[in-house]
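Trainee: The task is simple: from the sequences and hints, build the whole structure.
Listed below are the residues making up each chain.
2 protein chains.
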Amino acid sequence: MSPRSAAQPQNMRTVARRAGVSSATVSRVINGSSAVKKETADHVRRVIAEMKFIPNPSATTLKYNRSNTYGLIVPDLNNPFFPEFLLNLEEALVKNDQEVLVATTQWREAQLNSSVRRMLLRRVDGVVIMASEVETRSIEPILEHRIPIVTIDRRKAEPGCGDVCIDFESGMQAAVLHLKHLGHRRLGFIGGTDGLRTSQIRLRAFQRALQEADLSFNEQFVRAGNYRVDGGDAAMRALLGRADRPTAILTVNDLTAFGALRALHAYGIEVPTQMSVVGFDGIQLSDAVHPALTTVVVPLKEMAKKCLDALEKLKKNTGRRGPLFSVEGTLVVRGSTGPVSRSRS
Amino acid sequence: MSPRSAAQPQNMRTVARRAGVSSATVSRVINGSSAVKKETADHVRRVIAEMKFIPNPSATTLKYNRSNTYGLIVPDLNNPFFPEFLLNLEEALVKNDQEVLVATTQWREAQLNSSVRRMLLRRVDGVVIMASEVETRSIEPILEHRIPIVTIDRRKAEPGCGDVCIDFESGMQAAVLHLKHLGHRRLGFIGGTDGLRTSQIRLRAFQRALQEADLSFNEQFVRAGNYRVDGGDAAMRALLGRADRPTAILTVNDLTAFGALRALHAYGIEVPTQMSVVGFDGIQLSDAVHPALTTVVVPLKEMAKKCLDALEKLKKNTGRRGPLFSVEGTLVVRGSTGPVSRSRS
DNA sequence: GGAGCTATTGTATACGTAAACACCAGAACC
DNA sequence: GGTTCTGGTGTTTACGTATACAATAGCTCC
Numbered sequence: 002m003s004p005r006s007a008a009q010p011q012n013m014r015t016v017a018r019r020a021g022v023s024s025a026t027v028s029r030v031i032n033g034s035s036a037v038k039k040e041t042a043d044h045v046r047r048v049i050a051e052m053k054f055i056p057n058p059s060a061t062t063l064k065y066n067r068s069n070t071y072g073l074i075v076p077d078l079n080n081p082f083f084p085e086f087l088l089n090l091e092e093a094l095v096k097n098d099q100e101v102l103v104a105t106t107q108w109r110e111a112q113l114n115s116s117v118r119r120m121l122l123r124r125v126d127g128v129v130i131m132a133s134e135v136e137t138r139s140i141e142p143i144l145e146h147r148i149p150i151v152t153i154d155r156r157k158a159e160p161g162c163g164d165v166c167i168d169f170e171s172g173m174q175a176a177v178l179h180l181k182h183l184g185h186r187r188l189g190f191i192g193g194t195d196g197l198r199t200s201q202i203r204l205r206a207f208q209r210a211l212q213e214a215d216l217s218f219n220e221q222f223v224r225a226g227n228y229r230v231d232g233g234d235a236a237m238r239a240l241l242g243r244a245d246r247p248t249a250i251l252t253v254n255d256l257t258a259f260g261a262l263r264a265l266h267a268y269g270i271e272v273p274t275q276m277s278v279v280g281f282d283g284i285q286l287s288d289a290v291h292p293a294l295t296t297v298v299v300p301l302k303e304m305a306k307k308c309l310d311a312l313e314k315l316k317k318n319t320g321r322r323g324p325l326f327s328v329e330g331t332l333v334v335r336g337s338t339g340p341v342s343r344s345r346s
Numbered sequence: 002m003s004p005r006s007a008a009q010p011q012n013m014r015t016v017a018r019r020a021g022v023s024s025a026t027v028s029r030v031i032n033g034s035s036a037v038k039k040e041t042a043d044h045v046r047r048v049i050a051e052m053k054f055i056p057n058p059s060a061t062t063l064k065y066n067r068s069n070t071y072g073l074i075v076p077d078l079n080n081p082f083f084p085e086f087l088l089n090l091e092e093a094l095v096k097n098d099q100e101v102l103v104a105t106t107q108w109r110e111a112q113l114n115s116s117v118r119r120m121l122l123r124r125v126d127g128v129v130i131m132a133s134e135v136e137t138r139s140i141e142p143i144l145e146h147r148i149p150i151v152t153i154d155r156r157k158a159e160p161g162c163g164d165v166c167i168d169f170e171s172g173m174q175a176a177v178l179h180l181k182h183l184g185h186r187r188l189g190f191i192g193g194t195d196g197l198r199t200s201q202i203r204l205r206a207f208q209r210a211l212q213e214a215d216l217s218f219n220e221q222f223v224r225a226g227n228y229r230v231d232g233g234d235a236a237m238r239a240l241l242g243r244a245d246r247p248t249a250i251l252t253v254n255d256l257t258a259f260g261a262l263r264a265l266h267a268y269g270i271e272v273p274t275q276m277s278v279v280g281f282d283g284i285q286l287s288d289a290v291h292p293a294l295t296t297v298v299v300p301l302k303e304m305a306k307k308c309l310d311a312l313e314k315l316k317k318n319t320g321r322r323g324p325l326f327s328v329e330g331t332l333v334v335r336g337s338t339g340p341v342s343r344s345r346s
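Respectively, the protein sequence lines represent chains A and B. Letter 186 of the first sequence, counting from 1, is numbered 187 in the numbering used here, and no numbers are missing. Letter 14 of the second sequence, counting from 1, is numbered 15 in the numbering used here, and no numbers are missing.
Just to be clear, a hint being listed does not mean it is correct.
One copy or two, either will do: identical chains are not told apart, so a pair holds if it fits within one copy or between any two.
Said to hold, decoys possible - The calculated lysine to aspartate or glutamate pairs, modelled on DMTMM-like cross-linking and capped at a C-alpha distance of 20 Å, are:
hint	residue 1	residue 2
1	181	215
2	53	145
3	302	154
4	96	110
Hints were generated in silico from the structure; no laboratory data involved. Note that the structure is a prediction, hence the values are computed from the model and not measured.
Mentor: Written out as structure tokens, the structure is:
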């Protein structure tokens, strides 16, 4: 039934024997070394195909402590932003016969630590960490093993650890200017989980964007969310409970904006005629809700590439302070933003 | 700076030497063998912690051809259903220090083949395949290597390959009965990509549910989608272009329902007063749209567990025809379904 | 008290690879 | 024609683990 009936050992030596060459030559062919004569290489490749030989990378991992695998630690696979990033990372890696090892933290530190351990066990060649709050203490074990790390939005580099950050400032600025042109003057903001560094950064970006647009910041128009739908929903309800309201709401990410939209629907407030809403991330589903979300689209492919570039640089000269990259989002205007309503302004 | 300054070799032998035992004992402790005296085990564990020793699974993979890694092949990480399943699979695996290796096919056969190869390279202990169309030819290489496979919704088992299917029949039936009780008699259906086996299965389930509910099937009320938002949107528009319309639409999955909702919004048709919509899958975002989607929630945790159970069984006795499991969804009624409108019925 | 048993520990080994190094034939050069 | 170089290939080796097997001490049982 099965072509290989009696589980013959399959390794480079058996291939070499069949091809009449040495195992080193087989290895060279497989790794695309240019030192092999073309005819020899072709012949070896033919034998490999004939035998359906599949090399065993764990031997390499064992001997040379490199796995051709990169780790990705994300907080939450339920937020489509992360699987979409994973997809882009996978695409970039698979091209070079590399793999990605995903671990989720569920926003819990215990799970972050367990994820870090998983990365060490599997001897990954580098790690991309998107976990919200990354304290140096948590990633220390990785650094000790001299494995390159890239964090996202930590905006801090240390020896062995680079960072790729999303330029919230420019994104927020584009969104704020867009709203200003539509006549909005009273802008609100629904942030991330209170106390998190990333939430702080994004709120600051909002404040700064207001400043640059010559609009005033009103602390009463700001509420914390939790990066998820229910957080955006609750925050929006809190904002709607007040007598004076903003005419437009910016949010920390698309899911939060979804929550805000849901709360507005529940309150019978029309979007965008009575309230404009802007998201951030540009997840694929952002144009599946009604009204379609105006949002700042983060270029995931570019981000994935920069992460890998950063890891590459770190591998070249570990020990030195890691590289800092930044990616810029693009405001995509859709149905959730519109001219400010006459009635209130 | 780094605790381990001059990269001492770290392996079970060095641990054993420090602990005054043999490497076999260290191995036994790490693998939780009960054959070790408790005091010895405790002592070894202390030394392991002291040395921050991390075992190297690639040695095991190399020697025993088992990687403690399971593969997951999905068509599309942009559909939240798949990352949500991945999350559940990961949770179930990580408990036992096992990993999951994800590969996406993007609905393309070339990518399925490349994914299969990746699984073989990494010597996975089993594979869960959710790719829509799985022809035996594509997975043959895995079968030849005697690696257990579970497919999803293939509803076919062969030696070495089991299947876990979602019981569309019961889910559709619950949805149809729900709509019937609301007074609907004219039910439409937006299916998956035309020609795919899974699409066929789901359409049949719909037809059968109609039959059992004593409702008539109207082929004009059926359109194909593509499992994505745009497909649902286009299909809904096609249905709305007709003079006589159904009063309720069932869909092949939640994304398709999202698309249908979007088309309905665009046509100014109110949901659920003028048209009811039912999804399938129960992705987390199904209650983030407006109106919140009535949908059949698939129990992902149970599904993940059954997949692993099936793989386990296959490992025990490969060669025999694989096990067939089934999971049942639960209808969750939300805002997208309501009583049929008087005007049309 | 010896045979048999159990609990606990130790010894030795093979898995497949990439790279360091060795080797050789032929070309190039004076 | 000897020397040097280079393109192409072969030989050898170590990586860290789980397990089969061996070994020992202490115990039970008649």
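Trainee: Which of the numbered hints are not met once you compare them with the structure shown?
Mentor: none
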